[in-house]
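Colleague: Numbering of the sequence shown is given in the working numbering, commencing with residue 212 and proceeding in unit increments.
A few of these clues could be false.
What the hints assert, rightly or not - No farther apart than 20 Å at their CA atoms in a straight line, the calculated lysine to any residue pairs in the SDA-like style are these:
| # | residue 1 | residue 2 |
| --- | --- | --- |
| 1 | LYS353 | ARG316 |
| 2 | LYS353 | GLN422 |
| 3 | LYS353 | ILE403 |
| 4 | LYS282 | VAL238 |
| 5 | LYS346 | ASP324 |
| 6 | LYS458 | ASN261 |
| 7 | LYS282 | ARG441 |
| 8 | LYS282 | THR266 |
| 9 | LYS353 | GLY394 |
| 10 | LYS346 | ARG404 |
| 11 | LYS456 | GLN422 |
| 12 | LYS282 | THR301 |
| 13 | LYS353 | SER429 |
| 14 | LYS282 | ARG227 |
| 15 | LYS282 | GLN236 |
| 16 | LYS353 | GLN402 |
| 17 | LYS353 | ARG404 |
| 18 | LYS353 | PHE364 |
| 19 | LYS353 | PHE318 |
| 20 | LYS346 | ARG357 |
| 21 | LYS337 | ARG384 |
| 22 | LYS282 | ARG234 |
| 23 | LYS346 | ARG358 |
| 24 | LYS353 | THR333 |
| 25 | LYS282 | GLU232 |
| 26 | LYS282 | LYS337 |
| 27 | LYS282 | SER299 |
| 28 | LYS353 | PHE332 |
| 29 | LYS346 | GLU369 |
| 30 | LYS346 | ILE403 |
To be verified - Each pair of labels, with its calculated beta carbon distance range:
| # | residue 1 | residue 2 | range |
| --- | --- | --- | --- |
| 31 | PRO352 | VAL278 | 17 to 25 Å |
| 32 | PRO277 | SER246 | 17 to 25 Å |
| 33 | PRO277 | THR329 | 17 to 25 Å |
| 34 | THR284 | ASN453 | 33 to 41 Å |
| 35 | VAL278 | ASN453 | 32 to 40 Å |
| 36 | GLY394 | GLY262 | 16 to 24 Å |
| 37 | ASP409 | ASP230 | 18 to 26 Å |
| 38 | MET398 | TYR235 | 31 to 39 Å |
| 39 | GLY367 | VAL334 | 42 to 50 Å |
| 40 | GLU413 | PHE332 | 16 to 24 Å |
If you're looking for bench data, these hints aren't it; they were derived computationally from the structure. By construction, the Cβ of each residue, glycine as well, lies at the ideal position given by its N, Cα and C atoms.
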Amino acid sequence: MVEHADDDATTEPILRVDDLEVRYQDVIVGLSGVSLEVARGSIVAILGANGAGKTTLLRAVTGLLPVHRAKITRGQIVLDGRRIDGQSSTAIVRAGIAQVMEGRRIFGELTVDENLRTGGFTVRDKAATAATHAKVMGWFPKIAERRGQRAGFFSGGEQQMVAIGRALMAQPRLLVLDEPSLGLAPMVVEQIRQIIVDINAEGTSVLLVEQNASMALSIAHRAVVLENGRVAREGSADELRNDEKIKDLYLGMGTAGRRSYRDAREHYKATNAAAAARAGAAQVGDA
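The task is simple: from the sequences and hints, build the whole structure.
Modeller: Shown next, in the form of structure tokens:
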């Protein structure tokens with residue numbers, strides 16, 4: 212069994228997001244009042260259903276909002292004491308953030324080594340680049356064996372390893388992962404899970420967006436749940452893993468048994484509406 216990430220990670224945040232609002236095309240609100248911190252050396256998981264704002268948050272952190280005709284309209288993003296909101300994605304990579312996008316987005320026509328070299332283009336120290344390359348090969352022996360082959364012919368799991376390795380070549384202080392287990396077989400998901408733990412153990416902080424809530428909460432120090440572009444719940448991973456509503460909505464293992472996210476959400480909406488109706492009736496009775 213993989214050991215849980217070290218719970219003694221320092222509390223000084225390497226990333227701080229304060230009261231963030233994001234709008235698409237100046238109209239559609241993607242995030243509203245989102246605040247969170249990633250402690251140095253920690254793993255923070257971002258959970259939520261499709262459309263909750265998870266990917267928008269990552270785009271804001273990595274400077275990719277303009278590509279999607281969106282912008283930050285309120286709040287700030289601070290990396291290691293320095294504001295990065297408004298900076299270009301290239302400047303943010305140089306500042307110490309690297310992202311593995313959903314769907315891997317590797318260069319299929321390039322070899323493993325060529326993909327890795329593209330990830331290290333911001334690093335000018337050749338000795339440091341060579342050391343990082345050797346470390347990546349050690350983390351990913353499967354792709355090390357095929358380093359001269361075109362990555363487009365690899366399996367989904369192997370391509371994900373290439374994508375993570377490419378991001379690590381930038382020597383990031385914060386690694387941002389968007390759905391790293393998406394579409395992968397359970398055995399491969401376990402391998403990716405262990406790789407994230409190992410990377411974090413080497414000192415790299417991780418911001419993890421993942422719909423596989425069970426996997427994410429098993430390795431994270433803290434977690435944040437987004438709903439409709441807002442923070443709905445946050446706390447330690449253990450707290451959220453034992454929260455009945457979280458178990459019902461995201462883990463499929465609440466007291467009511469296994470059911471879909473849609474069914475669980477409708478149940479809680481109905482429960483909240485009934486509670487509000489009872490509270491309203493009580494106020495009328497007291498008047």
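Colleague: Against this structure, judge whether each hint is valid.
Modeller: Okay, the hints, checked on the actual structure:
| no. | hint | in the structure |
| --- | --- | --- |
| 1 | LYS353 to ARG316 | holds (19 Å) |
| 2 | LYS353 to GLN422 | violated (25 Å) |
| 3 | LYS353 to ILE403 | holds (12 Å) |
| 4 | LYS282 to VAL238 | holds (11 Å) |
| 5 | LYS346 to ASP324 | holds (13 Å) |
| 6 | LYS458 to ASN261 | holds (17 Å) |
| 7 | LYS282 to ARG441 | holds (16 Å) |
| 8 | LYS282 to THR266 | holds (14 Å) |
| 9 | LYS353 to GLY394 | holds (19 Å) |
| 10 | LYS346 to ARG404 | holds (18 Å) |
| 11 | LYS456 to GLN422 | holds (16 Å) |
| 12 | LYS282 to THR301 | holds (17 Å) |
| 13 | LYS353 to SER429 | violated (24 Å) |
| 14 | LYS282 to ARG227 | holds (18 Å) |
| 15 | LYS282 to GLN236 | holds (8 Å) |
| 16 | LYS353 to GLN402 | holds (11 Å) |
| 17 | LYS353 to ARG404 | holds (16 Å) |
| 18 | LYS353 to PHE364 | holds (14 Å) |
| 19 | LYS353 to PHE318 | holds (18 Å) |
| 20 | LYS346 to ARG357 | holds (16 Å) |
| 21 | LYS337 to ARG384 | holds (18 Å) |
| 22 | LYS282 to ARG234 | holds (6 Å) |
| 23 | LYS346 to ARG358 | holds (14 Å) |
| 24 | LYS353 to THR333 | violated (26 Å) |
| 25 | LYS282 to GLU232 | holds (9 Å) |
| 26 | LYS282 to LYS337 | violated (36 Å) |
| 27 | LYS282 to SER299 | holds (12 Å) |
| 28 | LYS353 to PHE332 | violated (24 Å) |
| 29 | LYS346 to GLU369 | holds (17 Å) |
| 30 | LYS346 to ILE403 | holds (16 Å) |
| 31 | PRO352 to VAL278: 17 to 25 Å | violated (34 Å) |
| 32 | PRO277 to SER246: 17 to 25 Å | holds (22 Å) |
| 33 | PRO277 to THR329: 17 to 25 Å | holds (21 Å) |
| 34 | THR284 to ASN453: 33 to 41 Å | holds (36 Å) |
| 35 | VAL278 to ASN453: 32 to 40 Å | holds (39 Å) |
| 36 | GLY394 to GLY262: 16 to 24 Å | holds (19 Å) |
| 37 | ASP409 to ASP230: 18 to 26 Å | violated (34 Å) |
| 38 | MET398 to TYR235: 31 to 39 Å | holds (38 Å) |
| 39 | GLY367 to VAL334: 42 to 50 Å | violated (28 Å) |
| 40 | GLU413 to PHE332: 16 to 24 Å | holds (22 Å) |
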